Amino acid sequence: MRRVLLADQLATAVLWSIAGSVILILIAIIAHFLLAALPDFTPSFLIADPSTDVIGGVGPVLWNSVYVLALTMLVTVPLGVLGAVFMAEYAGTGRLIDLIRFSQELIGSVPSIVVGLFGFAVFVAATGWGFTALAGALALTVFNLPLMTRLAEQAMRAVPDDERSASFALGATKWQTIRHVVLPIAIPGLVTGVILTAGRVFGEAAALLFTAGLATPGRLNFANLNLLDPRSPWSPFHTATTLSVYLWRINSEGTGPVVDQVANLTAAVLIVAVLIFNLGSRALGQLLQRRITGTRS
Amino acid sequence: MSYAPTIPASAESLAPTKIRVRDLRISYDTRVAVRDVNLDVPEHAVTAFIGPSGCGKSTILRCFDRMNDLIPGASVHGSIVLDGEEINAPGVQPVELRRKVGLVFQKPNPFPMSIYENVAYGPRRHGVSSRAALDEVVETSLRRAAIWDEVKDEYRRKNALSLSGGQQQRLCIARMLATGPEVILMDEPCSALDPIATLRIEQLITELKTQYTILIVTHNMQQAARVSDRTAFFTLGDDRAGYLVEEGPTRMIFTDPANRLTEDYVAGRFG
Ligand SMILES: Nc1ncnc2c1ncn2[C@@H]1O[C@H](COP(=O)(O)OP(=O)(O)O)[C@@H](O)[C@H]1O
Ligand SMILES: [Mg+2]
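Residue numbers (the working numbering), protein chains in the order written: chain S, 1 to 297; chain Y, 1 to 271.
Among the hints, erroneous ones may be present.
As the list claims (entries may be wrong) - Mimicking DSS-like on lysine-lysine, the simulated pairs with C-alpha atoms at most 25 Å apart in a straight line are:
1. Y/K107 <-> Y/K209
2. Y/K100 <-> Y/K209
3. S/K174 <-> Y/K100
4. Y/K152 <-> Y/K107
5. S/K174 <-> Y/K107
Just so you know, these hints were derived from the structure itself, not from any lab. All figures in this text were calculated on a predicted structure; none of them were measured in a lab.
Chain S extracted, bound-state conformation:
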């Protein structure tokens, strides 16, 4: 009896310490970079241009990260949701859906560096655009669409059939049922999909090296609103080195007196941005659902 109880306590302790160490590792990573960056941090680091001799800033690369993220989601989310609607509501069962699912899994497991090379061949070279935010966004879409589609499909399949039947019995069409019942109810699951894919975008470097570009950007001219001008930071055709690509670059080939400080600062900005972004999109998802389905009181 003693032994059994001991084993039970031991198991409990082991499981708790594993769970605890996950949290500790997270805190350690955050703390490491925040502490390393803190002495050199000034708010101007967020908006200033990069520099090699003094601690400049990450203004342009931060902008590019946000821009590429937005552009990627603009393509990935509608495509992913429509794909999921097809998979969950129309495809039924059979060879076709099995084949699609198989390809989804394959694409999803291709290393991102390979997706980057593919993106280079198609979106950079074949199109003749050069390194652009759009090429980066499209490469990231290839990389993320399977995940987004799968998560959205799961969210839609989790909607009980009772809700669909209720809608049909009221004389709604299939599309109306999807649009006004299935999708609103699936929103928390869809938001999870958006968060997971977006998190991968923000942190991704390999798929962007050969697509969005890795040149250290100069000063961005926000007054240039011409969307077709590659020099405009608003244009999908501007070269868009992102935070994580920039971090990779200064770490691997950076020289100069302040490289370590800049790397730590950049990593800290990256981590904080991902955190803010995660919490923000969660809140947004809850807000959206409350708006769409009415308040629970």
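Based on these hints, arrange chain Y with the ligands on the given structure of chain S.
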């Protein structure tokens, strides 16, 4: 073919026939679930479907608003005429039919939205968008389903899922009434409810029958006796397919049925 034995004694009820069913047969894939149903459903009356579990009561009910269309493998043969029109004719849109024939499910299934949005759902999908028109239909429907007094203070904001089971079922009735049906199908609408909530729904059914034609499936004999004007008794044949044994005024079915099977079933379930 002969359907003489099951032709209802509808001549003795004065109400005109709302739905006429002839030689109805329903199969799931190759298996016949229901066969040989002939039935006249009178207008502005309550017709109860009774019979052992699995004899096809729900299956038949779903034919009247073509919800069987949504079940892969289900096929319907025979004739169902509503107001003189064959509902399975090629020109009939199920979406239109389902506005005219409302369905209340066994388990209350409100959408996870506000009470208001639940009731406005049908009208919105049918193109009503003016605020005033929606307000009006929502209030009328909630009143008609006898739930208005309980929700009138907070129905615009309160989520339907926070209502009790009985309230949810009356909300589902209001939601269905908002599409302006003439026929109401109810599939064991009280089986998930407590006795008091059940009583309220039964009262409601009695009120609604002055304006609607109601078909109700119930496993509760007392309920059939309390709310219905006519009763149809179904059972399973030796071939495992359900069929209609007899149909007639409820009092007759319960006190003086023509068929021995009906007598045994009713006596057994009452006793
Ligand atoms: N969706 C379905 N797919 C296949 N068979 C079904 C389906 N629904 C009902 N059945 C079959 O049809 C028969 C009648 O079922 P049902 O109409 O639910 O009976 P009841 O409502 O009288 O209990 C049963 O044998 C049942 O297994
Ligand atoms: Mg049933």
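* Verify the proposed pairing of S/K174 with Y/K100, using a straight-line Cα cut of 25 Å. => 18 Å, holds
* Asked: Taking 25 Å as the top limit, are the C-alpha atoms of Y/K152 and Y/K107 close enough?
  -> Between Y/K152 and Y/K107 the Cα gap is close to 24 Å, so the pair holds against 25 Å.
* Given the hint that S/K174 pairs with Y/K107, test it: the Cα-Cα distance must not exceed 25 Å. => 22 Å, holds
* 25 Å Cα cutoff - pair Y/K100, Y/K209 -> 15 Å, holds
* Does Y/K107 pair with Y/K209 here, judged by a C-alpha cut-off of 25 Å? -> 22 Å, holds
Violated hints for the displayed structure: none, as all numbered hints are satisfied.
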